[in-house]
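Colleague: For reference, the chains in residue letters:
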Amino acid sequence: MALGPALLVSALLFTIGVAGVLIRRNAIVLFMCIELMLNAVNLSFIALSQVLGLAGQVMVFFVMTVAAAEAAVGLAIIVAIFRHTRSVDLKNINLLRG
Amino acid sequence: MPLFLLQLVGTSAVAPTGVIRWIWLAVAFPLLGFLVNGALALFRPGARRAVSVVGSGSVIAAFLVAAAGFLQLRADHPEGPVVVDLWSWIKSGSLDVVFSFQVDQLSAVMLLVVTGVGSLIHLYSIGYMREDEGYARFFSYLNLFIVFMLVLVLGSNLPVSFVGWEGVGLCSYLLIGFWYGDKANADAGKKAFLMNRIGDFGVLVAMFIIWWNLKTLDFAGISSVAPRYMAEGGFIVTLVTLMLFLGCTGKSAQLPLYTWLPDAMAGPTPVSALIHAATMVTAGVYLVARTNILFALAPTSAAVVAGVGALTALYAASIGLRQYDIKRVLAYSTISQLGYMFLAVGTGAYVAGMFHLVTHAFFKALLFLGAGSVIYALHRAYHATHSHEDPQDMRNMGGLRRRLPWTFALMLIATLAISGIPPLSGFFSKDEILAAAFGRGETAPIWMVFWAMGLLAALLTAFYMMRLLAMTFLGESRTGAAEQEHLREAPWIMTGPLVGLGILSVLGGLVNLPAFIGGPAALEHWLEPVLEGALRMVPVRLPHGPAEAVLIGGAVVVGVAGLVLGWRWTLARPIPVAREAPPETGFAKVLFRKYYVDEIYNAVIVRPLVGLSRWVLWKGMDQGLIDGAGVHGSARLARALGWLGSRLQSGQLGLYVIVFLIGAVWLIRAVAD
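These protein sequences, in sequence, are chains A and B. Mapping of the first sequence onto my numbering: position 84 corresponds to residue 147, and the numbering continues sequentially without gaps. Mapping of the second sequence onto my numbering: position 243 corresponds to residue 873, and the numbering continues sequentially without gaps.
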């Protein structure tokens, strides 16, 4: 796998993720964007491990584990919020406003 | 030589022997009495018999201890003061204050006077306070007073004496406001306490300066170290003595801090007799006599003491001329007589001062207790007829000699004694003071003025005392017909102590019969060891030969003239009853209103002070600065900052992410650089 294109795709994915987080208000979409960012990072880890050794690949496994755990917790929270407010629009969820 | 070594050399204290080792019992008995009576006052206020026995018994026990100590001291003739160390009290760096009692010739005299007169007054109180609700409370306070008075007298260093000094002030406050249900009484107590605090400030400052300069606070240490480390007439010693004297003017009611004493008459009459005539108010004289070496080193201060004393003697006597409350007349008389004592100690005639202190304790206590018997009789009479006249106003009295023969006879003795009629006690002591002032006047002319003031005050004293006696006991009765049959002599428990004090008033002169009539001058020789140093520096010169005879004759003539004038003048025209009395006019009004000094103090000191407290300290400092800017201000500031911070917390996730991203980018850039 060529290093340059891989990193380019990774940066592209990460930017799409960031933009999604910034722009979208739907909690599920937001969540998917975060996953996208995580996987963009994973991709750059894999790509760079060709040059820098296997440590990057090991890190990918950690990231995937954490992402899985985060998905479980996050989705559960979103389900709970939906049950409570009948909506997953983040505009309405501002309980921590000062 | 370093100071601490000198201190060791200087202290000539002698270890206690025999009963003097147990002198602390004289304090312990009344203390026990205070605790028992205090407990009874709280839990068994009805146990009057127990209170009487404990209250009086403890003071009589203290008197016996004091007498035993006195006899031991007389037998031993110790070289220096006998110091009984009890415990180490304050130990800090080079300061080591031991709680210790000093028994020497001076404190022994005071010890006997306080416990002796105190015992008689305690016995009298059994009768006088019999029907009072707070009987047990009264005796517990009275016992506590004796405790502190003895600590004051016995303290072997300034801090210990100061404990007693403050303690008697506290008891004075408690007893003046004893009938605190009446606001005037509570106010009188407060006034006494506050004016005394002004004086106490002086004593504290004096203590600090003495410690700073001499590194000792023991009386024995001071008298041996002071002449070496304080220049005669120097600034330091003058300041120290003036500060001490400021304390004395407060405690002993001298100009300008005397105004609390007439108001202190709000307390029960035995209190006036014990605290505000015989014992506590003489503490100032005692303090000057105790620190005689310092006053000998500061001639300016001594002159101030003598001058203030002479002025007070004359001033208070003039007010006494025109008072109608029987106790107030006696209060001004006390101030005046205390002025005599200060004239004496300021002159350097400490023996004369202490002599007058002793005799005054006898006849003034007698006068107060006699007045108490009169008030007691009138109060009962008015009570029986449900009348609301003032039982202390002399315009409501008159002709009481027929109803109260014992009281009349004893008051007559006391009046003659205070007027300086030979051979009663007051004659010898007052004469000695005037002679000493006159003798000093031969070298320092200002003392001639003091002497003349003293002589004039003696005339006024005889006048107002005779006026008191005549208004109360002579002439026609103004008490009212219905009350007549209820007027009768007080019970023996009250008259008995009066008789005892009467005998002492007659024979008190024996304490120090002067040499010119072949007397042994016992008190003079007795006090010699204590006063040695001061008398060597400022000797007392008494006039001799014809001058002496003229002086004595003059004093007697003045006394007799005052008595006769007072008698004739008072009975010259009928006295209207208090209710129908016309208002005073002219100078008599000025005297009646006490030269308006209370009003002046109110306008010049009290009101500005209250105004300052209210508008600057309360409204400005407390409510404005501390509450407004401090407490509420800091809360307001915290709330405003919190409000600003809370604006960041919009609750909108998007905003957080943007801020986070900006931060992350900035961070990455910073790391990349």
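Simulated from the structure, these hints should not be mistaken for lab results. Note that the Cβ used here is the ideal one computed from N, Cα and C, for glycine as well. Don't take each hint at face value.
Derived DEER-like restraints, expressed as beta-carbon distance ranges [unchecked claim]:
(1) D1303/B to L71/A: 21 to 27 Å
(2) G1293/B to L138/A: 54 to 60 Å
(3) I140/A to S1276/B: 35 to 41 Å
SDA-like, lysine to any residue: derived pairs with alpha carbons at most 25 Å apart [to be verified]:
(4) K154/A to Q1279/B
(5) K820/B to G764/B
(6) K154/A to G764/B
(7) K154/A to T889/B
(8) K154/A to Y1286/B
(9) K1224/B to T889/B
(10) K154/A to L1285/B
Colleague: Work down the list of hints and note, for each, if the structure agrees.
Modeller: Results of checking the hints against the structure:
1. For the hinted restraint 21 to 27 Å between D1303/B and L71/A, the CB-CB distance of approximately 24 Å keeps it satisfied.
2. For the pair G1293/B and L138/A, the supplied restraint of 54 to 60 Å is violated, since their beta-carbon distance comes to about 27 Å.
3. Taken as a hint, the range 35 to 41 Å is violated for the pair I140/A and S1276/B, whose Cβ atoms sit roughly 24 Å apart.
4. A C-alpha spacing of about 14 Å is found between K154/A and Q1279/B, which places the hinted pair at or below 25 Å, so the restraint holds.
5. For the suggested pair K820/B and G764/B, the alpha carbons sit about 20 Å apart, so the restraint of at most 25 Å is met.
6. The straight-line distance between the Cα atoms of K154/A and G764/B is roughly 78 Å, outside the 25 Å bound, and the hint therefore fails.
7. The hinted pair formed by K154/A and T889/B fails the criterion: a straight-line CA distance of about 80 Å is larger than 25 Å.
8. With a CA separation close to 13 Å, the supplied pair K154/A and Y1286/B stays within the 25 Å bound.
9. Straight-line distance between C-alpha atoms of K1224/B and T889/B comes to about 10 Å, which keeps the hinted pair within the 25 Å bound.
10. Distance check on the hinted pair: K154/A and L1285/B sit about 11 Å apart at the alpha-carbon level, within 25 Å; holds.
In this structure, the hints that do not hold are numbers 2, 3, 6 and 7, in rising order.
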